[in-house]
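Number of protein chains: 2
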Amino acid sequence: MSENKKGLLFVLSGPSGAGKGTVMKELLKSEPMELSISATTRAPRAEDKEGETYFFKTREEFERMIENNELFEYAQFSGNYYGTPKQYVIDRINAGKNVMLEIEVQGALQVKSAVPEAVLIFLTPYTVSELRSRLEGRGSETAEQIDRRIKRAMEEIEYISAYDYIVINDKIEETVDKLKNIISSEKAKAVNNRNIIKKFKGEC
Amino acid sequence: MSENKKGLLFVLSGPSGAGKGTVMKELLKSEPMELSISATTRAPRAEDKEGETYFFKTREEFERMIENNELFEYAQFSGNYYGTPKQYVIDRINAGKNVMLEIEVQGALQVKSAVPEAVLIFLTPYTVSELRSRLEGRGSETAEQIDRRIKRAMEEIEYISAYDYIVINDKIEETVDKLKNIISSEKAKAVNNRNIIKKFKGEC
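Protein chains in written order, with the working numbering: chain A, 1 to 204; chain B, 1 to 204.
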């Protein structure tokens, strides 16, 4: 509506195996929004680019970011830190960009408590047995690892009431359409359009 | 998601001349939702059908409905009562239908206070001068009547913060798309999908 309007913050989250990565990749093909870039202490791989795939940090640097409250959320996986730097996200939103975070459920809840206006979207298959099929279909994990993921998903699903939207990821095209609808209607929310009164009256 | 899931209540409102009627007509061509039927004390016209265009009531019957709290909202225009009967809307929603009310701003605010989960959509042209052009384009009212409507619109626009969504009615096709997005994303809201936890766990 206005040139200097702020962007919105969306968080796509849900159990491991729900298809978050695939969905985001498809969504970004047609939706003008930015995917947030995480900070991590894991070693860069050949395909990694600093500031594009990740912000690479030493353990010491990362822990300083934690201490200075510079992260929206963080967690450790396999001995490495992963987190979402606040400043990058805030800068993009102030520049009028809609930003999407694609993060784990616990991280999403941390973001919501830090930024109540963040729009949380829970992506999930319809049933836990579908989730199991997906995880097994990947063929990249042991039965024991899959069991652990399923157990965690059963815990995570309990948190959906803290989310704004639930999207069942059945057919990828339909899922992307649902996300685009959510983004579009969030832009139409009254709280995001307070400038309309002045515009209507011709005062700006 | 579930056979016995309740429908949602939407309220389309906004200043006279915003194009609510035209937009609703277009929307209903492709969106499976029901338009609520108002009760009125005005005399039936040739094209009217009881229970389709309106529920026709005597003044006495209508005032009894007011006393018995059987209306979500009501108002008087040109000496006739118009209102939204609760029972009809509740029955349709319980039958799983999404229901749309197309009513005046004051009525919409009454509905929101009676039914906080109702989704209020404010439809408006972008500026008051556009609204004036539309009203003048209709050619059905005197300059004085138009001035009165403009004055009222300037008051009504102040209430948009009580609404959930603002939709600028510029191009009709885009407006209808925006409404469809809102309806679709409201269906994806977490509060409207509490049964998903049980479904996910295979408990129902």
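Source of the hints: derived by calculation from the structure; they are not laboratory data. Where hints are given, some of them may not hold.
The list treats identical chains as one, so a pair stands whether inside a single copy or across any two.
Stated by the list, open to error - Below, a list of computed lysine-lysine pairs in the DSS-like style, where the Cα atoms sit at most 30 angstroms apart:
id	residue 1	residue 2
1	LYS199	LYS57
2	LYS151	LYS97
3	LYS201	LYS29
4	LYS49	LYS199
5	LYS189	LYS57
6	LYS151	LYS198
7	LYS201	LYS86
8	LYS198	LYS20
9	LYS29	LYS151
Evaluated hints:
1. LYS199 with LYS57: For LYS199 and LYS57, the Cα distance exceeds 30 angstroms both inside one copy (45 angstroms) and across copies (41 angstroms).
2. LYS151 with LYS97: Neither way: LYS151 and LYS97 sit 36 angstroms apart in one copy and 36 angstroms across, limit 30 angstroms.
3. LYS201 with LYS29: Answer is neither; intra-copy 37 angstroms and inter-copy 33 angstroms both fail.
4. LYS49 with LYS199: neither (43 angstroms within a copy, 41 angstroms between copies)
5. LYS189 with LYS57: Intra 38 angstroms, inter 37 angstroms, cutoff 30 angstroms: neither.
6. LYS151 with LYS198: between (52 angstroms within a copy, 15 angstroms between copies)
7. LYS201 with LYS86: neither (36 angstroms within a copy, 35 angstroms between copies)
8. LYS198 with LYS20: between (39 angstroms within a copy, 22 angstroms between copies)
9. LYS29 with LYS151: Neither: 33 angstroms inside a chain and 45 angstroms across chains, both beyond 30 angstroms.
Violated hints, in rising order: 1, 2, 3, 4, 5, 7 and 9; the structure is consistent with all others.
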